[in-house]
Amino acid sequence: MSIESYEQFLDLGRTFGVEIHRPGRSQLHFLVESAPKLMQFCSRLREESCWLIMLVTNDERELEDNCFKQYYFFTHSELNVFIVIELALSPGLETYPSILPIFPSVAPFEREIADLFGLRPDKSEDQLVYQTYLHSCYPQRLFPLRRDWDRGELQRLSSNFEQESNPFFPSLAKQKGEGELDLPVGPIHAGVIEPGKFTFRTSGEIIERLEYQLGYTHKGIEHLFQREYDLENGWRLAEKVVGDSSFSHSLAYCKAVEVLSSVVVPPQALLLRAIFLEMERITNHLADCAGLVHDIAFEIISSELSVLREEMMQLNGRLTGSRFLRGVNRPGGVVLGHSFDGKIIRPIIRRITERFLSIAQTLVEHSGFRDRTSGVGVLSRETALHFGVTGLAARASGVRRDFRIQHPFGPYSDSDVQALLQGQAEGGLPISISVEMNGDVFSRFIQRVIEVWTSYCLIEYFLDKWENCPPEELLSPLRFSEQGNFEWGLGYVEGWRGDVVYWVMKDKFNRIYRCKVRDPSTLNWPGLAAAVMPKSFKRETALADFPIINKSFSLSYSGNDL
Amino acid sequence: MRISSSVRKTGIFFLVIGRLIRTLFLRPPAYTKPNAIPRRRSIAIRVVDCGSNNGVEQEIQAMFNPIYDAERYGLRLVTSPRHADVLLVTGPLTRNMERPLLAAFRAMPEPRRVVTVGDDVEGGGVYTGSYAIIPLPKEILAARAAHVPGDPPAPDQILQKLLEVDFWAKSN
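Quick note, the sequences are listed as chains A and B, same order. Each residue of the first sequence is one higher than the one before, counting from 1 in the numbering used here. Each residue of the second sequence is one higher than the one before, counting from 1001 in the numbering used here.
Hints are computed from structural coordinates only; laboratory data are not their basis. Be aware that a few hints might be false.
[As the list claims (entries may be wrong)] Label pairs and their computed distance ranges (CB to CB):
| id | chain 1 | residue 1 | chain 2 | residue 2 | range |
| --- | --- | --- | --- | --- | --- |
| 1 | A | P471 | B | Y1073 | 40 to 48 angstroms |
| 2 | A | K508 | B | T1128 | 21 to 29 angstroms |
| 3 | B | H1083 | A | S358 | 34 to 42 angstroms |
Backbone N, C-alpha and C fix where the C-beta goes; we use that ideal spot for every residue, glycine too.
Pulled out of the complex, with its shape left as it was, chain A reads as follows (with noise of 0.2 angstroms):
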């Protein structure tokens, strides 16, 4: 029986917890018991195509409960709906169940918490990896998150460089072939990039396995979020995760705010933060491309699209004074400095676009470009439907995971930007591109040129609804309740990686209890693991083709260490 409808999840859920009342439609609510409880309940999502969004785990040991909670996020892949599952864990405990075997997506999550919470999970086979945030510069049991943590043990750490970190990789202590090299790459790269540590183990040319490490910027922003900044001002925090995204992140903790404040944003608001969503979707999609294009050492075509890209990012200050975007979002609306002006956009986008498709017509034609892209990491539907992964990497594989389709806000509800997005418009693509969407990263390359034609479709639509309205009339003001509970709200959007997402919890002084910032490079990286490594494919990945497939997924480092 597969579930097509809200009600149907309703009573799917109360067969196996106790609901708990969440305003509006959109989030339905379960507190599960038991473990077993638990599995069976994700097994049934399991069935039901369900994908995890994110596992929070929140120190509640002073709250009424005593103890720490699990909250499981998922989605269904039609509906507009989201599942949470909360699971009090056993006080004194330091165990939890681990879903690991019905979601792998959840790893990442699993290790984070191993490190920031000092939670194992029960049965733990060697899969977990640890040190993956907190390195051997650390003491051990040192657990930053947990509400109880003094910080003066840190101040008395003296810097302990000489110790590398080292993590323990079971695959790569597996016995090596004949001809294998386990090659270190990192953390620091050649090019001008984020820092992270990959191992490949090699035979020859060929990569047989990649692990990476990653946690070189951790910079503690969670404990950041609930130590210096409160729900008013999160937002600029927010915006400093991840730097190339700092409007879809900063959009996804005022949407969660929102929540909690129960605030109406002004239309017109809400149709400008789509104006700039899209906008920086396509400035990054042009950032990418140039990348790309620039590994495979076709420089003059990079060199074209970097251009673009400038051309977007002093559109984007002239229009907010900042070239990321930044400041621009509140809970409650939106701030710019000056009217916003539609008619500049317009004229700057359509040419940006237009030049954009001419050059994705001149590299699908190029035998160089198409040789060097397909067939190159390869990751399958199965893979990706596997590993969790979302957003631009997922759509390229077939797994149309959306969250404009899935969830959308404000104006995206519109029957024709859903049509749009779901590329049943009338007019599609202007440039002719046949291409089998297989996961390589060919696929990928596509999939950002038809995104960032859809983007600009978007804009045009946006814009036409546009009616100048005076800067007051789009930022509302917050209004929390008097009673101030422990609530918490979910913010959702979806960035140009794929699905941004924060989990907010506030206190009774409306400061910040717990914030849970989750990008979608977590899930995606062992989805960019997977892609490298070779099974059963026409092609197998040699060393060269790695940065070809890492600029391909181009995925955040600092979004996924925080």
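We have chain A; now place chain B onto it with these hints.
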């Protein structure tokens, strides 16, 4: 308006004399002309991200696009600190990155300089108060020649600073 011939002749006389004086005696010396800056400017740059959120990195990459084109001034990116003159350090230094940063800095041959880029490097910015951020080590601060402020600084600001700073002056 009609100018009388005597006025015209006086005017032309002073014009010619003025021009003569200017070309012979009041020539500006070559070193104040803006285009002729005779100091060594070409540097090999290694960029190390010490925990930044990639905003500054994108602006540094943009410095090498055809619009800003840092390479025409002789600034070029190199892939190893052993080839580098100047280390561009970005982002707040995280504890996890302290060892790699020092390894990269110590691999650079003398003479070497450091340029810190972005407001985050100077004391953390929005990340102030985090347990994971530490101040830059003393040897890197000792070799620092310049700091480019901005959050993140625009490519032209970074380029301007890199061109203004005289890395190899005795005081630096």
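Verification of the hints:
The given range of 40 to 48 angstroms is respected by A/P471 and B/Y1073, whose C-beta atoms sit roughly 41 angstroms from each other. In this structure the supplied range 21 to 29 angstroms holds for A/K508 paired with B/T1128, their Cβ-Cβ distance being about 26 angstroms. Distance hint check: the CB atoms of B/H1083 and A/S358 are about 37 angstroms apart, consistent with the given range 34 to 42 angstroms.
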